[in-house]
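Chemist: Use the sequences and the hints to build the structure in full.
The UniProt record's numbering puts the sequence shown at residues 1 to 139.
Warning: the hint list may mix true and false statements.
Unchecked claim - So the derived label-pair ranges between C-beta atoms look like this:
id	residue 1	residue 2	range
1	Tyr-50	Asp-126	17 to 25 Å
2	Arg-43	Glu-109	36 to 44 Å
3	Asp-107	Thr-12	18 to 26 Å
4	Ala-74	Pro-44	34 to 42 Å
FYI, nobody ran anything at the bench for these hints, they're computed from the structure. The C-beta atom is built at its ideal place from N, Cα and C for all residues, glycine as well.
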Amino acid sequence: MPPPTKPAPVPTPETLPFWEGCAAGELRIQRCTSCGKHVFYPRPACPFCYSTDLEWVVSDGTATLHSYVISHRAAPGFAEEVPYVIAIVELPEGVRMMTNLVEVEADPEKLPLDMALRVVFEPRGDVHLPLFAPAGSAA
1 MPPPTKPAPV
11 PTPETLPFWE
21 GCAAGELRIQ
31 RCTSCGKHVF
41 YPRPACPFCY
51 STDLEWVVSD
61 GTATLHSYVI
71 SHRAAPGFAE
81 EVPYVIAIVE
91 LPEGVRMMTN
101 LVEVEADPEK
111 LPLDMALRVV
121 FEPRGDVHLP
131 LFAPAGSAA
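Modeler: Printed below as a string of structure tokens:
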């Protein structure tokens, strides 16, 4: 029996612009045109002022490491990658997103908080997932 494949998200009408951006190599997030705050995860209304006037903007693809955990137990499809890093990264716009770190050893000594990161996109199923790598690692 073949090993399980990594799970892939299924875009919805609300999240489709995000996934289309990832496929194009762009990290898109929402910005409220009423209060000016950036929003992530994609949603129909601003969580700050409740306006439905949201637009899509392209982030510059950089982030900093906010928090992380090193997983030593493989989720389905991740057996070849144990241990791996599950992280919360913060974009310059102030939003945080959960992701995986790649191109870095899963060792706390190599994962200083506030480490500069850059987005990389991993094809998975019909989507491209935004993952993050150290800013100075090979592209």
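Chemist: Need the list of violated hint numbers for this structure, in ascending order.
Modeler: Hints 1, 3 contradicted; others consistent.
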